[in-house]
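Here the protein sequences line up with chains R and U, keeping their order. With my numbering, letter number 97 in the first sequence gets 97, and the count goes up by one each step, no holes. If you want my numbering, it's the position in the second sequence, counting the first as 1, plus 592.
Hint data in this document are derived by calculation from the structure and do not stem from the laboratory. Check each hint, because a few of them may be wrong.
Among chain U residues calculated to face chain R with C-beta under 7 Å, some are [unchecked claim]:
1. 672
2. 674
3. 880
4. 948
5. 1043
6. 1050
7. 1051
8. 1053
9. 1057
10. 1122
11. 1123
12. 1129
Beta carbons: idealized from backbone N, C-alpha and C, even for Gly.
There are 2 protein chains.
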Amino acid sequence: MQHVNERIARLRSSMNLNKIDAIIIPSNDPHQSEYVSDNWKARAYFSGFNGSAGTLVIDSKLAALWTDSRYFLQFEEECRENEVELYKQSIPHAPEHVEWTISRMHSHSRLGIDFRLFSAEQVHALNLLTEPKKIEIVDASAVVDESWQNKPLPIFEPIIDYKTEFSGASRKQKIEIIHEMLHQNLSDYTLVSNLDDIAWLLNIRSNDADFTPLVTAYLIVGKESTILFLHENRVSEELLTEFNKNKIEVRGYDEIEKSIGKLSQVGIFEIDPSSLNYACFKSIQGKMNLNKSIVTDLKSIKNTTEIEHEKQAMLKDGVALTQFLMWFESYIPTHTISEYDLGKKLESFRMKQEYYQGESFAAIVGYKGNGAIIHYTAPENGSATISNDGILLIDSGAQYLNGTTDITRTFWLGGKPSNKIKASYTAVLKGFIDLQMLKFPVGTKGMQLDAFARQHLWAIGKDYGHGTGHGIGQYGMVHEPGQGFATTSATKRGSAPHLPNQFTTIEPGHYVEGEFGIRIENVVLSKLEENNFISFEALTLCPIETTLINLNELTTDQINWINAYHIKVKNTLFPLLSKEEKSWLKEKCQSI
Amino acid sequence: MQHVNERIARLRSSMNLNKIDAIIIPSNDPHQSEYVSDNWKARAYFSGFNGSAGTLVIDSKLAALWTDSRYFLQFEEECRENEVELYKQSIPHAPEHVEWTISRMHSHSRLGIDFRLFSAEQVHALNLLTEPKKIEIVDASAVVDESWQNKPLPIFEPIIDYKTEFSGASRKQKIEIIHEMLHQNLSDYTLVSNLDDIAWLLNIRSNDADFTPLVTAYLIVGKESTILFLHENRVSEELLTEFNKNKIEVRGYDEIEKSIGKLSQVGIFEIDPSSLNYACFKSIQGKMNLNKSIVTDLKSIKNTTEIEHEKQAMLKDGVALTQFLMWFESYIPTHTISEYDLGKKLESFRMKQEYYQGESFAAIVGYKGNGAIIHYTAPENGSATISNDGILLIDSGAQYLNGTTDITRTFWLGGKPSNKIKASYTAVLKGFIDLQMLKFPVGTKGMQLDAFARQHLWAIGKDYGHGTGHGIGQYGMVHEPGQGFATTSATKRGSAPHLPNQFTTIEPGHYVEGEFGIRIENVVLSKLEENNFISFEALTLCPIETTLINLNELTTDQINWINAYHIKVKNTLFPLLSKEEKSWLKEKCQSI
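Using the sequences plus the hints, can you model the full thing?
Here it is as structure tokens:
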């Protein structure tokens, strides 16, 4: 394999030819996807760093990789033999590198970015910062592409037609809603670039990136026709016939900019500048209406079919978890098992369930101190050995054809838990319950609610360094953009309103480096109550560890909540369990 | 008085001459002040509407006044005989008029704004919205000024030297901190345009607008010198000598743009684009560093002298309130009094206190249904008559030479309170207490904390339509920009971090139109606790109405909080009270 330094040298010489003084290479693809396919991993190629988050900045003197504390160790391992230097972000995903990059640049110099990888809003923010120095922002997509030797070709699987039986609404019905909104907003076209929005709107699924059943595409919905931009040979004759019925035309993926250019000369485009990439944005020739994505909002509100299927998926997941936990409880007193193998074992139980498609993200199985590493993935070789002692965190999820799951439980495997662990576990649990019990007005933002899950940790001088929850799709993205719970409104998880019939996770935690990690997570459904208020219903069906609770610290309301939840878990799963499984679950769901 | 329609006609003809197709006239002054002096009230002049919030948009066809529900009634009264039409904002201060204005405009037309009245950030946001239609944004300051016949001249009182005895830090010390920050940020100058920042930094006060002891000015702090831009003849010889000692040069108020232009050719300016007006911003010729205002942040963190003086001011206010409430309680069983006169009576008690300078805002005395009008001001003639029956809300505050106060209490005057009122009062009180009891990490944002004051109202399907609190100055602005508690991060009250040694109000409420208003408000001091956490200490000293509490709905912690607060009120005020007053206060501070 070619050395990273040679790749950087080639990039620099291309930058030189193109009079680019500095270049910023982010980790995303043109669709702001969470999981990107290999042909968009330029940042990894030019830095040698394979972590999922990070931004590379290269100028004539320095190659700087900006990432956050989750990846410092991985960086040191992967980049010790190349010239890339680590720049530590204090906040994950914060654009701290931008001001730093600009501060290093001279007046009237040129900053290169791949226009496909930055949203229109990001470029506008860049403009504000580069204006004082009169720095020009130029498209570096060709510079990156031509310096990337043996760039992987995109690989695509067939596209499946996601039937109305699962989606609850036909693509025709969904497109009609878009037509109405276009009419209301006096727009002629809306341009959709988020893959989860396209998959939802057209009822299509595939498998283009890890863990997400999505299709790499762009979509233009106009009053008269719908145009889907796809890589070639992905649509079966059958699906094409369906598309034709609904006036959905298929064009080549690379034709998107040209098509935008033509159509925008005659009609008004409605776009979301926070998600649409700048290459597409720049192609718009005429008037635009800037709006938040219609589709993201529509998709976040699930219909009754979607809710019913998600509940069915939760049922399957609950059965698999029951079987797995029962097996584990009988196995661990007399055996040991590696974290990696335990993750695989869990998967083996889920695989037995109907409609199972795969994991919804890389399972986190963190024993003792490893549980404190928030985005830990147990390596295939050399992961920690679990025995019947101490604490274990398992955060995992599945894709079923009818729903997506995500659950975390923290278990006590044996020995006497310390007061410190019990105090933290109890505080996490109280927050987990309080947020699920909260009633609040429709439209309340995630940032307003997040701290209800933290307050009991705060009371004992503790906290956790991640958001409290995220939207989740129905056979879609496990981290579906939209509503959630976060400490900042810079992300939609903090700033988007909570509305009835959304799926959201609630997952507070607490982490002590080298000692333990605690996290408890349910998926909840938001339900409309009187006076336009919302309450949550837990969809996840799995007992909660009670060994670690300091009972005297729970309020009566909190105790009642746990007991009611356990009764629900038991009653809902019982019809699907064997006698032995029932007996195990009954024990786990006892009143406290 | 000339008819408003004639004023608009004159403005339109000037717009015509200057090829301006639409003009936006906001309510603020060039310093983003809360209370503006008469020479900046263009919006009132051209619309006839005198409410404190609103934006006027005029184009060739329409004159539209955008304001929120607090002012609909006042608009109808004041504008019924002119052509101005009311456009209802759904959210106070939201820039809903901007997109509306742009949607009415043609491509390549010209939008006029007074560059002095819009921040650099606001103009950048405008640019993003006008770009698709290629609308040009032009300065309309001359058009507004020349169409404004008999525009009032600014009137200024002398400037006082606010002694270190009160401020706790000399202007020299404060300027040195700015020098250090300039050094750190590689800047040569910082430009300060907020009047409260200037008053704090230079230890000066005056009386240029209602309720605020501020001085209309601009300030440039450079490494070598400090330049204060003032209207003429306001500085005494004595103060000028002090200024000279600290290398503070005084120039004319109108020289600011020219001076910025010159200095910025040789040095880097550090500015806050969210507060600096665009006229100043545009004058900068060279490099800038964009930052949040250093001074606003510094000012929000009070030193020990400021804290001690604020406590002294609270003591004076507590004595005045005790005397007022004792008088009122003996008076009302056998008399009636108008809301307006009761406000004056309260003022008369405060006036007797040392250092009293005036009210810190127009007192809100709202009896029964009037209490539900959030920004109610009892008119001098015809305000409601209060008798010994029902509910009364009083929100008032004072400026003392050593501190600023702001307090709300809700009283029950007689008769049997309804269950509805008691339920609401109890829920408001529980939120008021919970937020004051909360412990949270340094740096937590107001939007994360706000809902702790709402949760008990939410639990009974109720809410209130304002933020939960704001920063407060020390002989400064009663609504000091910076930290606070709000439902949105669009304002600093929602987005600024809470830090130790700040003064903030906590003031949840509940309002039922035509029936009653409930609000309870304390000023609190944020205190540093272990592990970098913050707790609040109540500074306000005044008993809380207990008649309206449903005791069985309070937790033990909440009851303990009230009893401890009342003991503190009693013990702190006792040394300053007469025997009769002590006995009255003791009764009010009894344990519940």
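May I ask which of the numbered hints given earlier this structure violates, with the numbers listed in increasing order?
-> As far as the earlier hints go, 1, 2, 4, 9 and 12 are violated by this structure, in ascending order.
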